[in-house]
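Read off the chains here:
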Amino acid sequence: MLFQGLVGLSEAMYLWLVAAGLSLIFGVLRVLNFAHGSLYMLGAYFAWVAFRITGSFWAALLIGPLLVAAVGWGMEYGFLRRVYRVEVAFQLLLTFAFVLIFDDLVKLAFGPVYQSPPTPAALSGAVRIGRSILPTYHLFILAVGAAVGLGLWIFLEKTGFGLIIRATAADREMARALGVRSSRLFTWVFVLGAWLAGLGGALSMPVRAISPGMGEFIIIEAFVVVVLGGLGSLRGAFVGALLIGLLHAYGLVFMPVFELALAYIAMAAVLIVRPWGLFGAREA
Amino acid sequence: MAPRRGISRRNFLQSSLALAGASALGAPDALGAPDLKLKKPIKVGCQCILSGPLGGYGEFMRKGATLAMEEINAAGGIGGSPIELNFRDEELKPDVGVKNARYFVQDWGADFLIGIDSSGVALAVGEIMPTLNRVLIVTHGATEKYNEDLVYKKHIRQCFRVCVPVYQDGIASALVAKDLPVKRWATISPDYEYGHTSWKMFRAYLKQNKPDVEFVGESFAKFGTVDFSSHISKVMALNPEGIFSTEWGGEAVTMIKQAKLFKVFEQTKAFMIGMGSAMDVLQGLGPDYPDGVWASGRYYFGYPDTPENKRFNDSFKKRWDTYPSYPSETSYTALNALKKAVEKARTLDTDKVIEALEGLELSRPAGPCVIRKEDHQAVYAVPWGQITHDKKYPMPTLTNLKIFKTEEYYRKPPFAPVEG
Amino acid sequence: MTALLEVRGLHKSFAEFTAIDGVDLALPGGGITAVIGPNGAGKTTFINLLTGKLAADAGSIRFGGAEITRLSASARVHAGMARTFQVTNVFPLLPVEQNVAVPVLARTRRSLEPRRRFDSMEDVREEVRGLLATVGLGERAASTAAVLSHGDRRLLEIALALASRPKLLLLDEPTAGMGAGERERMLERIRALAAQVTILLVEHDMEVVFGLASRIVVLHQGKLLADGSPQSIREDARVREIYLGEASVAPAPTTAAGAGAPLLEVEHLDAGYQASHVLHDVSFGVARGGVVALLGRNGVGKTTTLRSLAGLTPPWRGSRIRLQGEDIAGQPPERIAARGVSYVPDDRRIFPDLTAAENLRVPLLALKRGGWTREKIGALFPPLATLWERKGQHLSGGEQKMLAIARALMTAPSLLLLDEPSEGLSPLIVRILVEALAQIRKEGVTVLLADQNLMFARAVADRALVMERGRIVYAAERAQLLGDQSTLQRLLAV
Amino acid sequence: MKLVASALLTVAVLLVPAVSGPFLQYLVLNMLLLALLALSFNLLFGMTGLLSFGQGAFYAGGAYAAALSLRAGFSLIPSILLGSVFAAALAALIGAFCVRHTRIYFSMLTLAFGMLVYAVVWKWTDVTGGDDGLIGIPRGAFFEKPERYYLLSAVLVLVSIAVLHRLSASPLGLSLRAIRENAERAEFSGVAVRRTIFIAFVTAGFFAGLSGALLAPLEQTISPSAAHWTKSAEPVMATLIGGPFLFAGPLVGAVVYLGLKEIIVRFTEYWLLVFGLVLLGMVLSFRGGLLGAAADLWGRRTRA
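Protein sequence lines correspond, in order, to chains H, S, X and L. Offset between the first sequence (1-based) and the working numbering: plus 359. Offset between the second sequence (1-based) and the working numbering: plus 131. Letter 124 of the third sequence, counting from 1, is numbered 118 in the working numbering, and no numbers are missing. Offset between the fourth sequence (1-based) and the working numbering: plus 1442.
Note that these hints are calculated values from the structure, not bench results. Just so we're clear, the structure is a prediction, and the values are computed from it rather than from any experiment. All C-beta atoms in this analysis are idealised placements derived from N, C-alpha and C, irrespective of residue type, glycine included. Errors might be hidden in some of the hints.
Listed next, the in silico DSS-like pairs over lysine-lysine satisfying Cα-Cα at most 25 Å (straight line) [as the list claims (entries may be wrong)]: (1) H/Lys517 - X/Lys370; (2) X/Lys385 - H/Lys517; (3) X/Lys161 - H/Lys517; (4) L/Lys1444 - S/Lys285; (5) S/Lys284 - L/Lys1587.
Stretches of chain X that chain L covers, calculated by requiring three or more beta carbons in the stretch to come under 8 Å of a beta carbon on chain L [stated by the list, open to error]: (6) 86 to 92; (7) 100 to 112.
To give an idea of the chain X side of the interface with chain L (calculated C-beta under 8 Å), a few residues [unchecked claim]: (8) Thr45; (9) Leu48; (10) Ala50; (11) Arg77; (12) Gln80; (13) Val81; (14) Ala95.
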């Protein structure tokens, strides 16, 4: 039974990577990026292309997310920054337009068929845990998720750039008065968020079928995670992702009838009791 | 707003090339089709899933239908009238399907409707066919309710289907399973009607044939599941000897890849997947597809070994540079069935064409086939087989084919409820 | 006869901060009572508790003989209590007449009526017209509230409050940010209203308070300090002290400043928020190396002046702000910061989740340049030296204040803008601050500070500018600051 | 002017069956139903300032209740009414939780409840038919003729639009706008804010339900996708396209949204791409047209 939880946690890691970027972007830019799932999809496709060219999974893992980061740069620099001052609903509509555009562009470029390169040999083994078998790839994902969590923590807590990000997220105006060039910072934060989503997509490439529209399945769950954990809180996104992963894994065993609804039940329950989420800042 | 014209004009050259291949199928004499003085062109509205993660299905359907149209038109059309096709995205939503059907008939002027991937859409569109009064030939949606309820019980005569329904997934599979050395079965299947029904049928018919089997567990995955790890570990914890699955499309690809990571194929004696021989799954998994998995579909390109099938495969490959998937064959067949029925009825009148279609015998790529009068279901055999990797093909193929007599697994009127 | 309003043992704290600490007050009804007190005394919290915007932690509020402590805000309105807000609070995108129709319909219990058109309800229209005439907005009935002048919007707010036909009207700084003419108009209206309704007034403008009130209540640090007639309050020594500051802060010796060209020249600065015109043609200069104090009571435009200089509230067209000869008016705040202007807001704005040390690093990282070191800061503000690793949110108010100043100094600015440095600080911290400012100017930093506390200004500044209603009305050189302060006291005290 | 426009619209809508083919008639009815859904959504969004992402729940609630009632043998008009009332009851249940929330929290909570309803509809196969939905919804012999059903629906939608329009000009409408503009000031003007929002929520649920209740017999089928968030996004898009600040905005938006989609799919299979680009252009070029006027107004408000 503990094993089932471990599997759930490994599933949660993809969600965590997407939710981390989503939450980071919301925390600093105050924009809810509907197209974040599409960036995850692009991560998978770019990594796949890189894999086909280089033949190396590791090269793909490096190149794919970087290309997504470049797309993120274009999105922020070319479009999003024009709408920071308009109502949230229109920002949402803008990012939704990107969902539609990316879906079809991917289909135009790669066709609607499933792409799925083989799992890298080094990671296709498995380890025995008691009577159960856990794939090496799942261990790898757990390690990468934890490493990214740790890396983000170090980045935000221990580096200068991270400090600037935290300061700007907390009080944009004061940060600017102290000299923070917020528009440049916004671009970089968006690029980082896009990179995280792209990494999630690239990691999913060898173990999940890649297809246009694959981002739509993950974006709403990522929203749930981010809202559950508290908008803008990375710790919240991490805990939220783990929670959803565990809920899913154990929900399948104990309450399969509710599997479809569990995440939403959790979200509604948290919102009713603590509207600002588990780790979010309470707004006045 | 001019409607999108059929592909025929743009691809006229290719159509001419396909001419030779066409002569053998459907019409006995390609250039000698009788001129029935029907309206020109004959319009066929096609809908299938063209966007999102399952868009590959629509793509294969379109390729099949387009090939059929090109061949038929090159051979003089249906009774002298060329066919024109129009494709619309059904988005897997019943309301969109209904709207498309209405558009085709009421605005575009469709004479026939074919296509539909989702069972839900097939049922919804089928339901309004009396109003639209056109023949609808479903090429993929597999729910048994379509032929058993809509046609047989509710007498909606306009509804036909040329693909094998869930009988293939749920009943023929049981015929395979009864000879396998497996007593403890579990399933990972889609959490909707299709997944539940096929599992129910599988259990019922397997139990009949092999009373000592046990069904130890089930895990149903919601539509849009991107990771099956939890489902796999849940089911594997119950120690099954065989896994039965009706996941399809990208979800089948993901599920099998992940099952492989979990060493499911080493730990179990058999793995069966109803839609596993669909071309998108074969291509999607490629070298990752484990040997020995039992797979089937609604048509498998390698069966039967007949001239019709070979010709179909050859022209399909020539035209599209890929092997056909089952929606390609079923949509190809749907158009050829229409041609044959119209030329038999010598009119486009819906009632007459229905009469001509009822009991129609076809020699389709998938083999000999008859459209049953009672429920308008095309009856033909599709093999189950085991995955193998044959160097001759760029993707995995099936070996050790098991073909059953259709009487053994096609449910028959009066369609008694499945006990399970 | 029971009092109209009876408050007993009212108590309210926010986290560790006690805003209202056991206040008792009875209003018999009739007349105008003013609540005054320096910044942070708890005046607005008090009104918020009375009107139900905040829930009291302890104590009771009785109104018209009935207990209302637990009623919702809208229920208190129905009971006969209406209010205005410190920051103008109307329905900006609705026309003026619809603004007023909202409370009229609510009072007559028709807010939820879905069937009739509200503009066809003759009685409502008539009453709205009457109310607008009462406050003198009859002409503007069809205008959108957002386009009204600031003064007109404050009048509209009063009309909104009156529409509820209150027995008690609570006005929170009704003349804040108004021009002279507008203010006169407002005073007349309030005086006229006093004939019909009991008024409780919170106000900083002492001319307004003494021109209107028949009774004055003084709050200080959440407690009731004094209560009596205007005359008795004027003569109350404790009241004088809290307004003008402790006499114990000795003036620091200052070197003569002003050699060379002025560092900062402000000319014709006009600024404000939307339709609210806060600063009117403000012009002054700050000499290099000097410490200039902007004095004035709350709401006279000191903060807006500093924010305009820092680029946070963009100056209006035609304003000129020259820093070392270059015009910086209208530049974004980060650009201005890069030019060496550091801003310390009155509410400190410490990043709560960052440690003290991290707070200090933000400007260094943002501007990519160094200046002061942590050691130097520690020498300047000894209490901070042991707190580097504590999170901003866990520092006390005084510590936060020091940290905010330290943060602004880190990049060695040429101009330091200090908003209300002495506000709410203990005498000990104030002394540290005075010494620190002396040290800061020795380092060659020019300081422009805004404060209400005359004694503090006297201790640190070599020049003082007094603001009233968005204008600079008086300039005092060091000699006047130290010598005869009668004019300054008149302008600043109660 | 407005009167003339609405009279013309009414006449045009009622004349559709007389002058057009069945598909255009069907398309217009679809537009009317989306317009009604969007108008009900905008009662919360444009008027009250609350972006609901779960109107699909009430739309589906109305559709399923009406469909079940029809299948149980009740006649058309009572079934439609029943559907709307059921949706309003559902809205009351959900609204009790939602009215305490504002801004993004309100949106997310409505999204959560919407998806809960979706899950219930999907799983409660015995009643709802599960993922296949309910098919073969009868609408009675008299209304079997599409023109008759069209006229009935069109009249009901037009009456609803008139009711909503009246509501927007009523004291209730004013109270809602006051809450949107400044909820605190509304409370201190004596408006019981939460109760007022609750009433708006239930009213919006009622009309969303009516839209659904009219859809089910039109399609003669209803499936869980009616409750999915992608359905809830449709009135949001229609409203944003048309402009949330004018009463007619959602109406115009619904016509533009469906019309545009219908046109695009006739030209290209890549309709997502084209539609996405059109949306992108609309959001970025606020300054002109109906949408622009509304957005400018809105932008000014947010800066306030």
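When you check the alpha-carbon spacing of L/Lys1444 and S/Lys285, does it fall within 25 Å? Outside the cut-off at roughly 50 Å; violated.
Does X/Ala50 hold up as a contact with chain L if the rule is Cβ-Cβ below 8 Å? violated (17 Å)
Quick check on the hint: X/Val81 CB to chain L CB, less than 8 Å? Given a least distance of 11 Å, the restraint on X/Val81 is violated.
Does the nearest C-beta of chain L fall within a distance shorter than 8 Å of the C-beta of X/Ala95? holds (6 Å)
When I compare C-beta atoms, does the stretch 100 to 112 of chain X have three or more residues closer than 8 Å to chain L? Three-residue rule met by the stretch 100 to 112 of chain X, so holds; n is 11.
Check the hint pairing X/Lys385 with H/Lys517 against an upper bound of 25 Å on the C-alpha distance. Holds, because 15 Å separates the two Cα atoms, which is no more than 25 Å.
Per-residue hint verdict: X/Arg77, partner chain L, C-beta under 8 Å: holds (6 Å)
In terms of beta carbon proximity below 8 Å, does the stretch 86 to 92 of chain X have 3 or more residues touching chain L? holds (count 4)
Need the status of pair S/Lys284, L/Lys1587: alpha-carbon distance at most 25 Å? holds (24 Å)
Verify the interface restraint on X/Thr45: the C-beta must sit less than 8 Å from at least one C-beta of chain L. holds (7 Å)
Quick check on the hint: X/Gln80 CB to chain L CB, less than 8 Å? violated (12 Å)
Assess, step by step, whether the Cα of H/Lys517 is no farther than 25 Å from the Cα of X/Lys370, and give holds or violated. holds (23 Å)
Consistency note: the structure conflicts with the earlier hints numbered 3, 4, 9, 10, 12 and 13.
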